[in-house]
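Enquirer: Protein chains in written order, with the numbering used here: chain A, 105 to 357; chain B, 3 to 287; chain C, 15 to 300.
Any given hint could be a false lead.
[To be verified] Straight-line alpha carbon distances no greater than 25 Å define the calculated BS3-like cross-link-like pairs of lysine-lysine that follow: (1) K6(B) - K167(A); (2) K292(C) - K6(B); (3) K104(B) - K297(C); (4) K9(B) - K271(A); (5) K249(A) - K176(B); (6) K191(C) - K104(B); (7) K10(B) - K207(C); (8) K10(B) - K292(C).
[Stated by the list, open to error] Quick list of simulated restraints, FRET-style, between CB atoms: (9) L60(C) - G24(B): 42 to 50 Å; (10) V77(C) - E140(B): 44 to 52 Å; (11) K296(C) - S130(A): 45 to 53 Å; (12) T120(A) - K296(C): 17 to 25 Å; (13) T64(C) - S199(B): 54 to 62 Å; (14) E251(B) - T64(C): 56 to 64 Å; (15) E140(B) - G126(C): 23 to 31 Å; (16) E251(B) - M74(C): 20 to 28 Å; (17) L60(C) - E60(B): 45 to 53 Å; (18) E251(B) - F130(C): 33 to 41 Å; (19) K207(C) - K346(A): 34 to 42 Å.
[Claimed, not checked] These stretches of chain C come out as covered by chain B in the derived footprint (C-beta under 8 Å, 3 or more residues): (20) 73-85; (21) 125-139; (22) 145-159; (23) 259-265.
These are calculated hints, taken from the structure and not from any lab test.
Each residue gets a CB set at the ideal place from its N, CA and C atoms; glycine is no exception.
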Amino acid sequence: MEDIILKFHNVCVSYTEGKNAVNDVSADVRRGLITSIMGPSGCGKSTLLRAVNRMHELYPDIKITGSIELDGKDILKMNPIMVRRMAGMVFQRPNPFPTMSIYENILAGYTLNGIRLSRAEKDEIVESCLFNVGLWDEVKDSLTKRGSFLSGGQQQRLCIARALALKPDVLLMDEPTSALDPIATAKIEDLLVQLKKDVTIVIVTHNMGQAARISDYSMFMYLGELVEYDKTQKMFTNPKDKRTEAYLTGRFG
Amino acid sequence: MSDKIFKKLLFVSALVIMIVCGALFYSLMSGSLPAFRELGFFRFIVSSEWGMNSDGSEHYGALPFIVGTLMTSFTALLLCFPFSLPVAFFVGEYYNNTVVAKVLSTIVDLLAGIPSIVYGLWGFYVIRPFMVSLGLSEQGFGILTASIVLAIMIIPYSASLSAEFIRMVPRELKEGAYSLGATRAEMIRRVIMPNVSSGMISSYILALGRALGETMAVTMLIGNTNNVPISLSDTANTMASVIANQFGEADGLKLSSLIAIGLILFIITAIINYIGRLIIKRQSL
Amino acid sequence: MKSYSIRILKDRLLKTMVIILSVLTCVPLVLIIGKVLLKGYRQINLSFFTETTPSTLDAMLAVNNNQLIPGGIANGITGTMMMVLIATVIAVPIGLLCGVYLSENRKTRFAGIIRFLTEILQGTPSIITGIIAYIWVVVPMRSYSAIAGSVSLAIMLLPLIIRSTEETLNLLPESLKEASLSLGSSYTMMVLKVLIPSAFGGILTGILLAISRVIGETAPLMLTALGASAIQWDPAKPTSAVSLLIWEFYNDPNLSNMIWSASLFLLILVLVLNLTAKKIAKKWKI
């Protein structure tokens with residue numbers, strides 16, 4: 105029996121009544137691995153991911169049914185603030201807070217949650233988090249500079265560090281490399297593989313190559329439905345569903 | 003019509019604006035020159051005498067009106083703040099893009115549409131008696147009364163501009179804060195406020211510019227006395243109200259002095275507006 | 015670590031405060047409109063629009079006999095209409111062309127200066143435009159006049175029209191210009207037949223909103239148009255305006271009953287202008 109960290113159970117999400125953007129998705133995500141969610145744009149993959157972080161609550165029109173369990177607790181019944189601390193999130197476009205320095209950005213999760221830390225604790229968190237994302241050597245002399253001066257790839261790694269600073273159980277990534285150049289993308293991909301030992305990663309991507317390179321398990325979504333969910337290797341070599349095959353061979357998407 | 007002539011025409015119309023502004027400044031300058039020559043520029047500004055002396059000589063000084071204007075405007079700014087800030091967050095953040103926000107911003111826009119003189123009437127018949135009943139002054143006139151009405155008049159300007167800035171904070175930043183477990187209040191304090199602070203300051207600077215030059219409502223409520231006000235319950239005159247009150251029957255040195263006050267008011271509001279716009283431009287770059 | 019319930023409580027508290035204070039902000043509008051409506055509607059009848067201001071004596075007699083004050087604000091209505099019309103005729107062509115100029119020359123230094131001056135002009139207190147019109151028109155003509163009033167209003171209208179025209183034109187896609195030029199249209203025709211018609215709704219909205227801003231102006235008119243008790247069609251003579259009449263009624267206790275009806279009329283005028291402008295903006299959206 106494998107260790108399950110995240111359980112989707114009959115999850116439906118709708119933006120407008122009667123039309124589900126995510127339709128009846130049930131799946132178990134395994135701990136300590138990278139799971140990718142693929143699919144053509146508009147297939148509901150981002151919507152599903154964002155539901156785990158209760159991001160849909162920011163937009164009152166979005167309705168959600170079913171249950172999502174994180175570490176055995178139904179997060180839809182928990183307070184969103186607690187959920188979001190357990191599930192870190194990295195967005196499509198890097199979004200370091202422009203009014204905060206690099207140092208402050210890493211600690212943003214703590215300041216935003218009103219947690220006070222001693223100077224030593226802060227330094228320790230900042231250094232270890234930046235070190236973990238391979239950014240320490242690049243920015244250790246400019247910690248007081250604003251995060252918005254970094255390159256796109258560095259900014260995105262800063263955002264990953266910021267999410268990891270709160271020691272989440274799972275890291276949700278919504279097309280984290282879609283705004284980056286190939287070199288920066290490669291660096292992030294390497295980083296994710298390294299991070300796997302500390303945190304479970306669920307990554308939404310429209311880049312099949314990326315899913316193949318880094319993920320252990322893959323989901324394929326189409327028109328809001330979870331079409332196929334299997335070991336990445338298996339899915340890429342021997343897809344069960346015709347739609348998956350069509351997508352993987354580049355016939356749409 | 004040939005393109006050449008048409009382009010000239012466009013250019014000339016722009017030139018007209020330049021000429022109007024230049025002529026405006028020149029006319030104010032030349033109109034106030036007699037006063038400055040007679041009384042001295044610096045003495046004119048710091049003197050608090052206004053009117054005929056017992057020996058028949060005239061002396062005019064702008065100090066009471068400058069002080070009156072600043073006291074009234076800044077008090078109004080202070081009073082408008084606790085209302086325009088919530089309105090800005092209501093419209094720009096909490097209920098952004100909803101019907102209630104539209105209703106509120108329409109109402110606030112309408113506040114800006116009410117003519118100054120109607121505010122004056124309302125202040126005279128509603129706020130002034132209220133001030134009397136509070137025992138703040140015998141007649142109810144004074145700086146505080148004028149400031150209260152002025153505050154209501156400038157709420158729309160600061161609120162709608164602040165709301166614009168709040169709305170402009172990128173969604174990604176807000177989501178970033180939420181994804182780290184912030185409550186909305188914490189997100190507003192740590193993400194929205196630092197991002198919009200300079201824009202917000204500019205919206206209040208522009209509102210101040212409005213307050214400085216507001217005439218009718220203030221004229222009807224401030225009590226129209228030519229002394230330097232000490233407290234908020236004092237009666238006074240602002241630069242605009244003294245012009246409105248005394249321009250009609252003024253001539254000679256007095257007329258020139260009133261124009262000089264107009265010039266000073268023009269320069270102050272121009273500087274205030276310039277600073278406000280400058281900050282906005284910096285912000286939007 | 016701050017306890018979780020305190021954080022939630024603070025969050026709720028902030029939201030509640032925002033809502034309460036926002037609602038409170040609407041109270042003055044309701045109070046003002048309520049007051050003007052309740053006290054003003056009684057005097058509104060046909061003669062209110064067709065007759066001129068009554069004399070103090072007539073008004074006093076009527077008030078003493080518990081009757082409505084006879085007469086109306088016809089002299090004010092005609093004066094306001096005439097001055098707004100002249101001011102619009104002066105300001106619209108210049109404002110429109112200048113707006114086109116600024117939008118067509120976005121980055122030049124000269125345009126930057128003009129833009130700056132427009133902003134300064136827009137922030138100029140209305141009373142200053144009154145002084146200017148007094149110096150420019152009243153002094154040379156040796157008489158207060160509707161023309162002087164119109165000039166002061168036109169100075170106020172100008173920056174508003176320029177800015178709204180420029181902003182509307184800036185919203186037009188560049189491809190629109192390219193399309194018409196590629197068809198061999200001259201620059202003039204492109205501006206007159208393509209740009210301005212495409213932006214027409216926005217420009218008209220801007221003009222109407224600008225008029226609604228100046229139609230209730232009082233202070234500059236006190237220095238320029240002065241006022242008149244009869245209907246005055248000669249723009250070179252002193253003229254009244256609705257706002258000036260309110261000021262007169264305010265200063266004459268016998269006429270004070272008419273303050274509110276004149277204010278009501280002014281408010282409705284402003285409201286109608288605003289609503290029309292918004293309607294046009296919606297209908298002609300680019």
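Enquirer: Please go over all the hints and tell whether each is borne out by the structure.
Expert: These are the hints, each one checked on the structure:
no.	hint	result
1	K6(B) - K167(A)	violated, 61 Å
2	K292(C) - K6(B)	violated, 36 Å
3	K104(B) - K297(C)	holds, 18 Å
4	K9(B) - K271(A)	violated, 65 Å
5	K249(A) - K176(B)	holds, 21 Å
6	K191(C) - K104(B)	violated, 34 Å
7	K10(B) - K207(C)	holds, 18 Å
8	K10(B) - K292(C)	violated, 34 Å
9	L60(C) - G24(B): 42 to 50 Å	holds, 49 Å
10	V77(C) - E140(B): 44 to 52 Å	violated, 27 Å
11	K296(C) - S130(A): 45 to 53 Å	holds, 46 Å
12	T120(A) - K296(C): 17 to 25 Å	holds, 24 Å
13	T64(C) - S199(B): 54 to 62 Å	holds, 56 Å
14	E251(B) - T64(C): 56 to 64 Å	violated, 33 Å
15	E140(B) - G126(C): 23 to 31 Å	violated, 53 Å
16	E251(B) - M74(C): 20 to 28 Å	holds, 25 Å
17	L60(C) - E60(B): 45 to 53 Å	holds, 51 Å
18	E251(B) - F130(C): 33 to 41 Å	holds, 37 Å
19	K207(C) - K346(A): 34 to 42 Å	violated, 56 Å
20	73-85	violated (count 0)
21	125-139	holds (count 13)
22	145-159	holds (count 5)
23	259-265	holds (count 3)
Violated hints for the displayed structure, listed by number in ascending order: 1, 2, 4, 6, 8, 10, 14, 15, 19, 20.
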